[in-house]
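Colleague: Numbering (our numbering), first residue to last: 1 to 718.
Any given hint could be a false lead.
Just the calculated beta-carbon pair ranges, DEER-fashion [claimed, not checked]:
| no. | residue 1 | residue 2 | range |
| --- | --- | --- | --- |
| 1 | L713 | G594 | 38 to 48 Å |
| 2 | V584 | S294 | 50 to 60 Å |
| 3 | D238 | R576 | 35 to 45 Å |
Worth flagging that the hints you see were computed from the coordinates, not collected in a lab. Using N, Cα and C, we set each Cβ at its ideal position, and we do this for glycine too.
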Amino acid sequence: MDSILLASTQDPNLLTTILTVAKAVILVLVGVNMLIIVHEWGHFIVARMCGVRCDKFYIWFDIFGWKLFKFKWGDTEFGLGVLPLGGYVKMLGQEDNPGRLREELERAKAAEADKLAHRKDEPSAKQDNEPAGQEVDIKAAEAALYDPQSYLSKSVPQRMAIISAGVFMNVIFALVLAVIAYGMGVFKVDSEIGHIAPGGAAWKADLRAGDQVVEVAGERITAFDKLREATMLGDIDDGVEIVVKRPGVAEPVRTVVEPDRDQRLPTIGISGPDTTTLRDEEPTWFGTPAASSSVPVQAGDTIVAVNGKPVDSGFEYHRQEVIHRNETMSLTVRRGGQSPKTPPAEEITIDVAPRPMRHLGMTMDVGAIDAIQANSPAEKAGLKAGDKITAVDGEPLGNVFLLDEKLQRRLRTASDEPGAEPVTVALTLQGHADPVHVPIRPVDWLEVPLYGNEHMSVPSLGIALEVTRRVAELDEDSPAARAGIRPGDVVVAVTPVPPDKAKREKYQIPKDLTQPGDKIELVKDGKEEVSWSGIFYQLQMLLPGTSVELELQDGRSVTVDWVVDDQWHYPDRGFRFNPKETFVQAQSFREAIGYGVKETQNALAMVFKFIGKVGSLQVSPRMMGGPWTIVKIAYRCAEDRFSDLLIFLCVISANLAVINFLPIPVLDGGHIVFLAYEGVRGKPPSENVQVALSYVGLFLLLGLMVWVFGLDLGFISR
Numbered sequence: 001m002d003s004i005l006l007a008s009t010q011d012p013n014l015l016t017t018i019l020t021v022a023k024a025v026i027l028v029l030v031g032v033n034m035l036i037i038v039h040e041w042g043h044f045i046v047a048r049m050c051g052v053r054c055d056k057f058y059i060w061f062d063i064f065g066w067k068l069f070k071f072k073w074g075d076t077e078f079g080l081g082v083l084p085l086g087g088y089v090k091m092l093g094q095e096d097n098p099g100r101l102r103e104e105l106e107r108a109k110a111a112e113a114d115k116l117a118h119r120k121d122e123p124s125a126k127q128d129n130e131p132a133g134q135e136v137d138i139k140a141a142e143a144a145l146y147d148p149q150s151y152l153s154k155s156v157p158q159r160m161a162i163i164s165a166g167v168f169m170n171v172i173f174a175l176v177l178a179v180i181a182y183g184m185g186v187f188k189v190d191s192e193i194g195h196i197a198p199g200g201a202a203w204k205a206d207l208r209a210g211d212q213v214v215e216v217a218g219e220r221i222t223a224f225d226k227l228r229e230a231t232m233l234g235d236i237d238d239g240v241e242i243v244v245k246r247p248g249v250a251e252p253v254r255t256v257v258e259p260d261r262d263q264r265l266p267t268i269g270i271s272g273p274d275t276t277t278l279r280d281e282e283p284t285w286f287g288t289p290a291a292s293s294s295v296p297v298q299a300g301d302t303i304v305a306v307n308g309k310p311v312d313s314g315f316e317y318h319r320q321e322v323i324h325r326n327e328t329m330s331l332t333v334r335r336g337g338q339s340p341k342t343p344p345a346e347e348i349t350i351d352v353a354p355r356p357m358r359h360l361g362m363t364m365d366v367g368a369i370d371a372i373q374a375n376s377p378a379e380k381a382g383l384k385a386g387d388k389i390t391a392v393d394g395e396p397l398g399n400v401f402l403l404d405e406k407l408q409r410r411l412r413t414a415s416d417e418p419g420a421e422p423v424t425v426a427l428t429l430q431g432h433a434d435p436v437h438v439p440i441r442p443v444d445w446l447e448v449p450l451y452g453n454e455h456m457s458v459p460s461l462g463i464a465l466e467v468t469r470r471v472a473e474l475d476e477d478s479p480a481a482r483a484g485i486r487p488g489d490v491v492v493a494v495t496p497v498p499p500d501k502a503k504r505e506k507y508q509i510p511k512d513l514t515q516p517g518d519k520i521e522l523v524k525d526g527k528e529e530v531s532w533s534g535i536f537y538q539l540q541m542l543l544p545g546t547s548v549e550l551e552l553q554d555g556r557s558v559t560v561d562w563v564v565d566d567q568w569h570y571p572d573r574g575f576r577f578n579p580k581e582t583f584v585q586a587q588s589f590r591e592a593i594g595y596g597v598k599e600t601q602n603a604l605a606m607v608f609k610f611i612g613k614v615g616s617l618q619v620s621p622r623m624m625g626g627p628w629t630i631v632k633i634a635y636r637c638a639e640d641r642f643s644d645l646l647i648f649l650c651v652i653s654a655n656l657a658v659i660n661f662l663p664i665p666v667l668d669g670g671h672i673v674f675l676a677y678e679g680v681r682g683k684p685p686s687e688n689v690q691v692a693l694s695y696v697g698l699f700l701l702l703g704l705m706v707w708v709f710g711l712d713l714g715f716i717s718r
């Protein structure tokens, strides 16, 4: 402790960080364990209301009798076990199979009668020294069956109430958490589209950045999470109808989107919207033009104009980045005035240089057209997915990543000429004698991979092209050529090599700034996990001084530095913006209950939908998460906003309620099924049936635990 305090005096921010982390950890521990406590408390309180004696109430499990602490209150021993995986309430007479207990009782009585008869035949036996174990067993069994405080002495409806009380309490707890959260206020990311993955479902349907989604599958929505849920967990077999409000278009635009199923979750390939206000933490990416602007930006700065043109949304700002990608941008930034505690607002001008592209000096082979965008020039010209472009205006494709840049330059040059005709490009297709002339459209939006496995798009034409992992040619004297890469080589894996100490000093990289150096396998189990397009754009985000190790199909590995190309620029300047959110806060207790009920209903329905999608294989089982996943997400929520943590715990509490009530033996739902059978037949199921089903349920539960723990710990890949 002394060393921590001493370190905090040297670095005042360290103590703040320690306190912030400690606060988040405490909130997570309390929140997650409250889910267990309320569930077991439900069993306990209803059992006591029904007159059942509860011998033990434990949070976590006291395996082998090991516990952290215990205390006695009335007839109940309360305690904290050592295995943090749940909890339990032990009731008098709690036995999964009362029929078996009765059989054991009769057997024990018969054995005791035989003993007494044997003693009468041998009067010399020392009866006082006989063990009393069997007699105690009989008494315990009789107490379990006939004691008025026994669980087994209660009626079937009472036992059903006791068993279902835990699930009911989880639902109530979820509702309470949601009501508190909406009383405090919840931030919801708007349902506007921020970015679109090229070649994805939304891209194919001609949805665009800046579109405001107002309706999905007939349901009105305003929040991005509802949009995501509707397209991931809704009825997607016939596509999903989406209605958007498009900037500059008076009438709503309707389209049907068929979610992609090549991901582990059905997706349509969109991300949420940005504001133009910089984040409080790390407002810029290190090593980008934004981080070295003429005047340093600060957290909370808001960009209000680009080159004198007002911008009031992230969509408008990103549009200006694309339009002015090859030139220095003059930004008007409003600083201060965000709250009464900050200085009055002032406007300053900041110049931000263009961002040169990075590449390795390799040109990769180009495959066929992977997708055609609806309403695009390519669709109108009759191009189809599967067509292979062999030449553009009679010239080889070359570096396909430069194609869109070349087309836009041609369009800008022609547009400057008075009376210019529509500009087209002649595409030579494999197997076609005559070239296809496709109009070039102006592009003021950015299309880059969101997931890493998308193909490279040419927005000027509305096509997505497959860029293979095979090297077609090399730039003369490029890093790749000097490293020994040859045409025909096939890349199978890429590993970022972080800058060494000398490079970190050269580029003045902060000590605490690191980046992952894990190997990226481009193909797993015969399926492309990461496309070369994804690698190319990831290259733009690496720290200065980073090299990349390329693993080739022939077994060789080479390390390559990148080239910075000043003739070609990446539109994104490196600013990090806050998400565009709406603050939702109940204005009365009644309204808070209304919000809470809706949130809880949605959380419960989402669990059922997820289970159904996993069962139908529309959602991969690898998307499941175990205790460690829950803790990690809860920690991120606790770091951000307390209301976010409450909403997340609401969802988890609803998850526990639904999972526990599934009709699986050893879970609460399985017990309810057995009790329902007993209520109808007047007797419990036979011992053989209960034992067999219980083993099946236990096997399923243990298998699920092994699966989610394997996913959590990385033993099973996601």
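Colleague: When you take the CB atoms of V584 and S294, is the distance between them in 50 to 60 Å?
Modeller: 39 Å, violated
Colleague: Are D238 and R576 spaced within 35 to 45 Å by their CB atoms?
Modeller: With Cβ atoms ~39 Å apart, the hint holds.
Colleague: Determine whether the Cβ-Cβ distance between L713 and G594 falls within the hinted range of 38 to 48 Å.
Modeller: Holds, at about 41 Å.
Hint violations for this structure: number 2 only, all remaining hints satisfied.
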